[in-house]
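Enquirer: Residues per chain, in single letters:
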Amino acid sequence: MSTPAAIPTKFSSSGPVVAHHFEDWEQQYDSCVLGMWTFLVSEVMFFGGAFTTYMVYRWSYPEAFAHASQHLDIYWGTFNTFVLLTSSLTMALAVRAAHLSQSRTAGLFIIATILLGAAFLGIKFYEYYHKYEEGLMPVFGMPFNFEGPSEQRGPTQLFYGLYFAMTGIHAVHMIIGIVIMLLFIPPAFRGAYSSGNSLRVEIMGLYWHFVDLVWIFLFPLLYLIDRAT
Amino acid sequence: MSETAQPTLKIYFLVYAALMIGLAATVGAAYLPHGPWSLPAALAIAFAKAALVVMFFMHVLYSPRLTWIAVFAGLVWLSILMAITFADYMSRDWIPTSQPKTGLALPPGAESVEPPRAAAEMGTVDAPDAAD
Numbered sequence: 228m229s230t231p232a233a234i235p236t237k238f239s240s241s242g243p244v245v246a247h248h249f250e251d252w253e254q255q256y257d258s259c260v261l262g263m264w265t266f267l268v269s270e271v272m273f274f275g276g277a278f279t280t281y282m283v284y285r286w287s288y289p290e291a292f293a294h295a296s297q298h299l300d301i302y303w304g305t306f307n308t309f310v311l312l313t314s315s316l317t318m319a320l321a322v323r324a325a326h327l328s329q330s331r332t333a334g335l336f337i338i339a340t341i342l343l344g345a346a347f348l349g350i351k352f353y354e355y356y357h358k359y360e361e362g363l364m365p366v367f368g369m370p371f372n373f374e375g376p377s378e379q380r381g382p383t384q385l386f387y388g389l390y391f392a393m394t395g396i397h398a399v400h401m402i403i404g405i406v407i408m409l410l411f412i413p414p415a416f417r418g419a420y421s422s423g424n425s426l427r428v429e430i431m432g433l434y435w436h437f438v439d440l441v442w443i444f445l446f447p448l449l450y451l452i453d454r455a456t
Numbered sequence: 055m056s057e058t059a060q061p062t063l064k065i066y067f068l069v070y071a072a073l074m075i076g077l078a079a080t081v082g083a084a085y086l087p088h089g090p091w092s093l094p095a096a097l098a099i100a101f102a103k104a105a106l107v108v109m110f111f112m113h114v115l116y117s118p119r120l121t122w123i124a125v126f127a128g129l130v131w132l133s134i135l136m137a138i139t140f141a142d143y144m145s146r147d148w149i150p151t152s153q154p155k156t157g158l159a160l161p162p163g164a165e166s167v168e169p170p171r172a173a174a175e176m177g178t179v180d181a182p183d184a185a186d
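These protein sequence lines are chains A and B, in that order. Residues 228 to 456, numbered by this note's numbering, are exactly what the first sequence covers, in order. Residues 55 to 186, numbered by this note's numbering, are exactly what the second sequence covers, in order.
If you're looking for bench data, these hints aren't it; they were derived computationally from the structure. Heads up, the beta-carbon is just placed ideally off N, CA and C, and yes, glycines get one too. Among these hints, one or two may not hold up.
Facing chain A, a subset of chain B residues (Cβ under 7 Å, in silico) [claimed, not checked]:
1) Q60
2) T80
3) A84
4) Y85
5) F111
6) L115
7) G128
8) T139
Distance windows between CB atoms, simulated [as the list claims (entries may be wrong)]:
9) B:T62 to A:H298: 23 to 33 Å
10) B:Y143 to A:V245: 19 to 29 Å
11) B:L97 to A:H298: 29 to 39 Å
If we strip away everything but chain B, and leave its shape as in the complex, we get:
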């Protein structure tokens, strides 16, 4: 960003107002019974707030394209990290193996292990999130 190109005072306060609305929306949305949609809703609002901070407060909108590449490289590598990790953990119960199902490792002090999620979804045991 060159010194001449920067947001006006009005834009800063508008972004701040939008962040406050986002905060109210996050807390409000958490108390609405969305069921499985509450996590995507919370993340969508968080990403919207993050985009406002990155674009205006961090001046990326006014920065050279090289800065944009660096910012989006972070996003891309984070997506790779998460996508491949989740692809592993969430598919572990899909294929039956000779290994006993132990789920994830628990810290010391844990006494037993919940049934794997996939088994719950097939209806063999009660689904963990249907209990509440």
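Pulled out of the complex, with its shape left as it was, chain A reads as follows:
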């Protein structure tokens, strides 16, 4: 997208700018959303590979997976899901504010989303540290305090490997999202997302909701195996 030719001043607000290769703003808007979805579909396939691996090994070693899953902290896991779903709501409200040309409100909701995302990551790393202290972080050659029948040791290690890999790449996606959202704050308070210039916030929202989507599947698959037994 090109930038407006006007000399930026403190009080200037940049409206939507149609790049030269688009017919109009509507076409540019739909094209950018479609492009973002194409990227998100490639992300679906990226996480899909991890989920497929998880399902194959869970099917092969149901007992070890159920046992290992019950060692994860259900309370922090549930609370974190609540935090992330709430951050999705604040992101949706930020996008709505941008569509209504309320740039400042959009900025405030983006800050709320960042804070909730950071809370999620804080809790996640607390959980990681707790697992490390318990010796249940058998990745990168770290110690593995396994108590139980020896034939369950390998499958249990597989579960923890998948747990740290999947939540780890999810956390990396969140960190990227938070960094990009931080870049949105100064323009939001300069009034950049007014006059219908909501496209960038919409695209950012799509990314953040995707991160939420991945967690919606990760949470029951990792934390909630056979809790009834």
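Guided by the hints, dock chain B onto chain A, whose structure is given.
Expert: Only chain B this time, still in chain A's reference frame:
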């Protein structure tokens, strides 16, 4: 989505409330003794929550059909990936071969291998999930 067509504030909060109910339902359902149905139940709730996020928060419901095609292409290709992978892994023990049954590859540190699931289902060894 054009700027005029977007969900009202009420819809956003209703979707959020539904997601919270979904979260409570997922955790609640996990503690009910469904046996083999706990995984399908968990996945059904997860898909319902995902559909709400995609349709309302991600505005797909208000988007042109081209966006719908992109979204469902993702779903279709993911189904192909999973269906063909599972068709391989889950049928490996169905046909006897001259190869010894080794199951899946284990990471270093693994000492032995569980009996293959198919053998367990035929009753030759104890079923792994009947032990609990």
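Enquirer: Is the interface hint satisfied for F111 of chain B? The criterion is a beta-carbon contact with chain A at less than 7 Å.
Expert: 5 Å, holds
Enquirer: Hold the hint about T80 of chain B up to the distance rule: shortest CB distance to chain A must be less than 7 Å.
Expert: 5 Å, holds
Enquirer: Hold the hint about L115 of chain B up to the distance rule: shortest CB distance to chain A must be less than 7 Å.
Expert: It is violated, given that the least Cβ distance between L115 of chain B and chain A is near 13 Å, above 7 Å.
Enquirer: Within 29 to 39 Å or not, the Cβ separation of L97 of chain B and H298 of chain A?
Expert: For L97 of chain B and H298 of chain A the Cβ distance comes to about 22 Å; the hint is violated.
Enquirer: Just to be careful: measuring from the Cβ of Q60 of chain B to every Cβ in chain A, is the smallest value less than 7 Å?
Expert: Because about 6 Å separates Q60 of chain B from the closest Cβ in chain A, which is inside the 7 Å limit, the hint holds.
Enquirer: T62 of chain B and H298 of chain A, beta-carbon distance inside 23 to 33 Å?
Expert: This hint is violated: roughly 43 Å between Cβ atoms.
Enquirer: With 7 Å as the cut and Cβ atoms as the points, is T139 of chain B at the interface with chain A?
Expert: 5 Å, holds
Enquirer: With a cut-off of 7 Å, does the beta carbon of Y85 of chain B approach a beta carbon of chain A closely enough for the hint to hold?
Expert: Interface hint status for Y85 of chain B: holds (5 Å vs cutoff 7 Å).
Enquirer: Regarding Y143 of chain B and V245 of chain A, is the given constraint of 19 to 29 Å on their beta-carbon distance met?
Expert: Violated, since Y143 of chain B and V245 of chain A (Cβ atoms, about 50 Å apart) do not stay within the stated range.
Enquirer: Minimum Cβ distance from G128 of chain B to chain A below 7 Å?
Expert: 4 Å, holds
Enquirer: Once the shortest beta carbon distance from A84 of chain B to chain A is found, is it less than 7 Å?
Expert: 4 Å, holds
In summary, the structure is inconsistent with hints 6, 9, 10, 11 from the numbered list given earlier, while agreeing with the others.
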